[in-house]
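Visitor: Chains as they are written, first to last, in our numbering: chain D, 109 to 489; chain H, 600 to 892; chain R, 11 to 371.
Heads up, some of the hints might be wrong.
[To be verified] Calculated cross-link-like contacts (lysine-lysine; reagent style DSS-like; alpha-carbon spacing at most 30 Å):
| # | chain 1 | residue 1 | chain 2 | residue 2 |
| --- | --- | --- | --- | --- |
| 1 | R | Lys321 | D | Lys182 |
| 2 | H | Lys787 | H | Lys886 |
| 3 | D | Lys445 | R | Lys53 |
| 4 | R | Lys349 | H | Lys687 |
| 5 | R | Lys321 | D | Lys137 |
| 6 | D | Lys401 | R | Lys321 |
| 7 | D | Lys182 | R | Lys53 |
| 8 | H | Lys879 | R | Lys248 |
| 9 | R | Lys53 | D | Lys243 |
| 10 | R | Lys53 | D | Lys137 |
| 11 | D | Lys273 | D | Lys263 |
| 12 | R | Lys321 | D | Lys225 |
| 13 | D | Lys473 | D | Lys434 |
| 14 | H | Lys886 | R | Lys248 |
| 15 | D | Lys225 | R | Lys106 |
| 16 | D | Lys243 | R | Lys17 |
| 17 | R | Lys53 | D | Lys225 |
| 18 | D | Lys137 | D | Lys481 |
| 19 | R | Lys321 | D | Lys403 |
| 20 | D | Lys400 | R | Lys248 |
| 21 | R | Lys53 | D | Lys434 |
| 22 | D | Lys445 | D | Lys225 |
| 23 | H | Lys775 | R | Lys349 |
| 24 | R | Lys363 | H | Lys631 |
Think of the hints as simulated: they come from the structure by calculation, not from any bench. Fair warning: this is a prediction, and the values are worked out from it, not measured in the lab.
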Amino acid sequence: MRKRLFGLLLVCCMVVLSLAACKKANDEKFYIGGIGPLTEGAAVYGTHVYWGAQIAVDEINEAGGINGALIEFKFEDDVHDPEKAVNAYNSLKDWGMKILMGTVTTKPCIAVAEETKADNMFQLTPSGSSPDCIKYDNAFQVCFTDPNQGSASAKYIGEKGLASKIAVIYNSSDSYSSGIYETFAKEAENQPFEIVAAEAFTDDNKSDFSVQLQKAKEAGAELVFLPIYAQEASLLLTQAEARDYKPIFFGCDGLDGILTIENFDTSLAEGVMLLTPFAADATDEKTQSFVKKFKDAHGEIPNQFAADAYDAIYIIKAAIEKAGVKPDMSISDMCDKLVKVMTEISVDGLTGAGMTWEATGEVNKAPMAVVIKDGTYVSAE
Amino acid sequence: MRFISYLIDGIRLGSVYSIIALGYTMVYGIAKMLNFAHGDVIMVGGFVIFTVMSTWGLSPVLAVILAIIVCTVLGVTIERIAYRPLRKATSLAVLITAIGVSYLLQNLALLIFGANIKSFTSVFSIAPLRLAGGKLSISGETLITIVSCIVIMIGLTLFVNRSKTGRAMIAVSEDKDAAVLMGVNVNKTIAITFAIGSALAAIASVLQFSSIPSISATSGAMPGIKAFIAAVFGGIGSIPGAMIGGILLGVIEILGRRYISMELSDAIVFLILIIVLLVKPTGILGKKYHEKV
Amino acid sequence: MTETWRKFSKSTRINTITVGIIILIYVLCQIMISAGMMSYLMKGLLMQFCYYGILAVSLNLTVGILGELSLGHAGFMCIGAFTSAFFSKYMVDIIKNTFLRFSLAIIIGAVSAAVFGVIIGVVVLRVRGDYLAIVTLAFGEIVKNVINALHIGFDSRGFHIALEAGKLELLEGGRMIIDGSQGIIGTPRDSTFTIGVIFLILTYIIIANLINSRSGRAIMAIRDNRIAAESVGIDITKFKILAFTISATLAGVAGVIYSHNITTLESSKFGYNMSIMILVFVVLGGIGNIRGSMIAAVILTLLPEYLRFLKNYRMLIYAVVLIVMMIFNWSPACINWRKEHSIKGAVCRLTKKISKTKKEA
Chain D
109 MRKRLFGLLL VCCMVVLSLA ACKKANDEKF YIGGIGPLTE GAAVYGTHVY WGAQIAVDEI
169 NEAGGINGAL IEFKFEDDVH DPEKAVNAYN SLKDWGMKIL MGTVTTKPCI AVAEETKADN
229 MFQLTPSGSS PDCIKYDNAF QVCFTDPNQG SASAKYIGEK GLASKIAVIY NSSDSYSSGI
289 YETFAKEAEN QPFEIVAAEA FTDDNKSDFS VQLQKAKEAG AELVFLPIYA QEASLLLTQA
349 EARDYKPIFF GCDGLDGILT IENFDTSLAE GVMLLTPFAA DATDEKTQSF VKKFKDAHGE
409 IPNQFAADAY DAIYIIKAAI EKAGVKPDMS ISDMCDKLVK VMTEISVDGL TGAGMTWEAT
469 GEVNKAPMAV VIKDGTYVSA E
Chain H
600 MRFISYLIDG IRLGSVYSII ALGYTMVYGI AKMLNFAHGD VIMVGGFVIF TVMSTWGLSP
660 VLAVILAIIV CTVLGVTIER IAYRPLRKAT SLAVLITAIG VSYLLQNLAL LIFGANIKSF
720 TSVFSIAPLR LAGGKLSISG ETLITIVSCI VIMIGLTLFV NRSKTGRAMI AVSEDKDAAV
780 LMGVNVNKTI AITFAIGSAL AAIASVLQFS SIPSISATSG AMPGIKAFIA AVFGGIGSIP
840 GAMIGGILLG VIEILGRRYI SMELSDAIVF LILIIVLLVK PTGILGKKYH EKV
Chain R
11 MTETWRKFSK STRINTITVG IIILIYVLCQ IMISAGMMSY LMKGLLMQFC YYGILAVSLN
71 LTVGILGELS LGHAGFMCIG AFTSAFFSKY MVDIIKNTFL RFSLAIIIGA VSAAVFGVII
131 GVVVLRVRGD YLAIVTLAFG EIVKNVINAL HIGFDSRGFH IALEAGKLEL LEGGRMIIDG
191 SQGIIGTPRD STFTIGVIFL ILTYIIIANL INSRSGRAIM AIRDNRIAAE SVGIDITKFK
251 ILAFTISATL AGVAGVIYSH NITTLESSKF GYNMSIMILV FVVLGGIGNI RGSMIAAVIL
311 TLLPEYLRFL KNYRMLIYAV VLIVMMIFNW SPACINWRKE HSIKGAVCRL TKKISKTKKE
371 A
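Next up, chain D with everything else stripped away, as it sits in the complex:
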């Protein structure tokens, strides 16, 4: 009995000690926080965002910072879970965060958006693609929203007359994937093609596509639309090859990075088309320098998430410069000023030239259709 009481008291002490209030943040630096999954299933996205953003931060700090103030950047793990994302957000606030670059995945992003709204903190998500991520005024996106991508893909396929019978294979437990599918299906009604098969898979079964491919093949689909990520797509292509099924494969930005998947036979991706704002093997100087830095530091080729994050930091920089924000301002003042200038700035980044923003938080940038030829991306035009 006494022991148990002692235990309870111990917890009391632990809790009380842990409350030891927050450090006062340094007022001479910009405290930018990032949130994303660094462990478990979705870790690849968070890790790349973290690394991509870190490169941008280092570049800016080496060049003397923003208006002479350096950036302090900290990235916290949310395990792709809304609850943990809110914890990470609170923990970053204790650290002194004033601007949030995150979160990486959509679901946690929506949960955190409620928090930033309550605190009136400026939030720029590199890759949270649902419209719900930016439903409040203080939140902006670097990537396209899902509805945009879905309808743009359907329009592109329709205009170019790529096929008349189309199958879709999507991940129904992922909001990115199902979001694109839904708008694609809606837009398809206005287009001169027919969706003959729409096959879903879930996160628990994302390695075996035999049934989905078989059904698409039986339905006679000439083009398979894949609003999924590169990892899953690489498996799907391998399994399609094993089944002698060779339609046109068409994907969205999630498919970027498919050529760089370790050990993947890139000849299988030959002829795959995708709408994407970023391609790691683009030849412009900016992309090449970024890819080189990324590869030197981490031994991996950056995916689109890394590029979005890199751009996000530069977008924040541009907004800060334009708004004349000082590091010692309060979170809310900073947010108000940044939100105001977001619709006025234009940024040239890795994922698009001349990016501008709507007041809703959506980005305007041109999706680029590319096709994979001889192991590299070539413009499809």
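Fit chains H and R to the given chain D structure using the hints.
Guide: Only chains H and R this time, still in chain D's reference frame:
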């Protein structure tokens, strides 16, 4: 013809489940514990093959042998360090420890190999078998999987029933105390069981990852859980039960995905499991246990 | 004063002290929040302590008191969370009074979880031991998968239910409530720390009273020896279902508090990993020890947050800590070692020795 090709897919998946389920069933039968880390041993086996074949560029045969050795050693080590101290503790404590080991293996793999899903080069290079004028094609991996499942099942049944060690296993599973009195070294027998179970996990990893073909730190978890269910399905502790349970599970899953609903296929599998257990509370081939008063 | 205190039974005294400590902590926290001394992280975590505490205590009823291993506790939580969030999101414009809306939400979540508790309770009667663990695990996964495929929306014609998003033909002005894998977004944020603490205390009182009641003793008798319990006329069916239903109901309440705290809800959160996490709270806190469950829930919720500085090694260290704690707590060798080296044991031995020498003298 289409139905047959789905059926064969189901049997392929089921065969893999069977082999993993054997590991669960044997360990459960003898140590009376649910080894939740078993699925992650499969993942470790897969990564060994991946490293040997793709990173070092050595031959597939060597990769498979090395995977079996590493998994066996790993299985025995886990048993020695984490489970043996808890042999006399409540089964729940052992269960949680097994879960801890599972987290440990997953996070180790995450740290060593990174979060990216790796594309896995198939260990086999066998041309697909075409039947019925090319209408039905069965991949080489499928053939190998089904054949090795049958071979393992026969071999294991013979081993358990005929060899001295196998009989010792039966003795320990029937009555640990009596087995000790008969001169059976219980610790050694349990260690051997873990060794065999983990070696089977390595073989399962070859088959599973060659046909998927990809691997990541969490790719052992789901097949592990499914195989566990297969083991219960067939009656936990029974070797033919694991085979029947595994194949049934695989076939139901694939046919459910095709003819009912892609998203609900798991729910269907679980629902059938509950119904089976309601009708036969100890699984299809499970022994009925009598309670002593 | 002391005399009236002594008149209470031992268990009443312990329970009063425990509730008192919870209230004390609550008051302390409130003071710190109003003084601005509490970190943001802690403020956010306080809610989580409450609902994980409720979950751990309620699972302890099944695992510790009834003695059945359940791996599907998150399923009940999921049902409570989704039904109540569904209600709140639908009613957000109709019932403006937050208190009334949230009270109804709690009732709805609790009742629907209880219904499933009864169903699973009936199944529990058929299977036993590890087979029961599988049935509950399967139940949790079914709930997760079905909700993941479920789309419910409403428009002027009423509610529409479909298993595919495209099939849900909503009219103009219609609203999607449960959107398959995307779950429920935008549940009103009705639950507060105070409500969480109230329900934590309620849960504690319910379970503590149950244990000390006639029913509780019957349930424990079933756990210790089913056949003996049956032979003295204890109605096994009734008490097993009773225990399961109470446990499920409380988990449902925890789900309600969860869904009204984190405003996005997805069913994939409630898989077997979550069930196992709650089970870890129970086992680490001591099977059958309800105070221990609460303490373990708090410590294990705090631990990953405090290990953040370890970066990628965080979950690795967490796993190692888990294994070591289990071995330290449960291994017979470690228990002996602890007995030999504990202060209490040393004192005992010393007094024994003294009395022995006295006798000899």
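Visitor: Does each hint hold? Answer for all of them.
Guide: Tested hints:
1. Straight-line distance between C-alpha atoms of R/Lys321 and D/Lys182 comes to about 11 Å, which keeps the hinted pair within the 30 Å bound.
2. Among the hinted pairs, H/Lys787 with H/Lys886 is consistent with the structure: their alpha-carbon atoms are about 25 Å apart, no more than 30 Å.
3. Taking the CA atoms of D/Lys445 and R/Lys53, the gap is near 28 Å; set against the 30 Å cutoff, the hint holds.
4. Pair hint R/Lys349 plus H/Lys687 holds up; C-alpha atoms about 17 Å apart against a cutoff of 30 Å.
5. Using a Cα cut-off of 30 Å, the hinted pair R/Lys321 and D/Lys137 holds, with the two alpha carbons roughly 23 Å apart.
6. Taken as a hint, the D/Lys401 and R/Lys321 pair is honoured in the structure, with Cα atoms around 22 Å apart against an allowance of 30 Å.
7. The hinted pair formed by D/Lys182 and R/Lys53 meets the criterion: a straight-line CA distance of about 21 Å does not exceed 30 Å.
8. A C-alpha spacing of about 22 Å is found between H/Lys879 and R/Lys248, which places the hinted pair at or below 30 Å, so the restraint holds.
9. Proximity of R/Lys53 to D/Lys243 is assessed by CA-CA distance (about 25 Å); at most 30 Å being required, the pair is judged to hold.
10. Annotation: proposed proximity of R/Lys53 to D/Lys137 holds, straight-line Cα distance about 26 Å (limit 30 Å).
11. With a C-alpha separation of about 15 Å, the suggested pair D/Lys273 and D/Lys263 falls inside the 30 Å cut-off, and the hint holds.
12. Between the alpha carbons of R/Lys321 and D/Lys225 the distance comes to roughly 27 Å, so the proposed pair stays at or under 30 Å and holds.
13. Distance restraint check for D/Lys473 and D/Lys434: the Cα-Cα separation of roughly 29 Å lies within the 30 Å cut-off, and the hinted pair is therefore satisfied.
14. Distance check on the hinted pair: H/Lys886 and R/Lys248 sit about 28 Å apart at the alpha-carbon level, within 30 Å; holds.
15. Of the supplied pair hints, the one linking D/Lys225 and R/Lys106 holds, its CA atoms being roughly 21 Å apart against a limit of 30 Å.
16. Between D/Lys243 and R/Lys17 the alpha-carbon distance is near 60 Å, which puts this suggested pair outside the 30 Å criterion.
17. About 17 Å separates the Cα atoms of R/Lys53 and D/Lys225, which keeps this hinted pair within 30 Å; it holds.
18. A threshold of 30 Å between alpha carbons decides the hint, and for D/Lys137 with D/Lys481 the separation of about 46 Å lies outside it, so the pair is violated.
19. Among the hinted pairs, R/Lys321 with D/Lys403 is consistent with the structure: their alpha-carbon atoms are about 21 Å apart, no more than 30 Å.
20. Distance hint between D/Lys400 and R/Lys248 is unfulfilled; the C-alpha atoms sit about 69 Å from each other, more than 30 Å.
21. Annotation: proposed proximity of R/Lys53 to D/Lys434 holds, straight-line Cα distance about 28 Å (limit 30 Å).
22. Taken as a hint, the D/Lys445 and D/Lys225 pair is honoured in the structure, with Cα atoms around 15 Å apart against an allowance of 30 Å.
23. The hinted pair formed by H/Lys775 and R/Lys349 meets the criterion: a straight-line CA distance of about 28 Å does not exceed 30 Å.
24. The straight-line distance between the Cα atoms of R/Lys363 and H/Lys631 is roughly 42 Å, outside the 30 Å bound, and the hint therefore fails.
The structure fails to meet hints 16, 18, 20, 24 from the earlier list, while all remaining hints are met.
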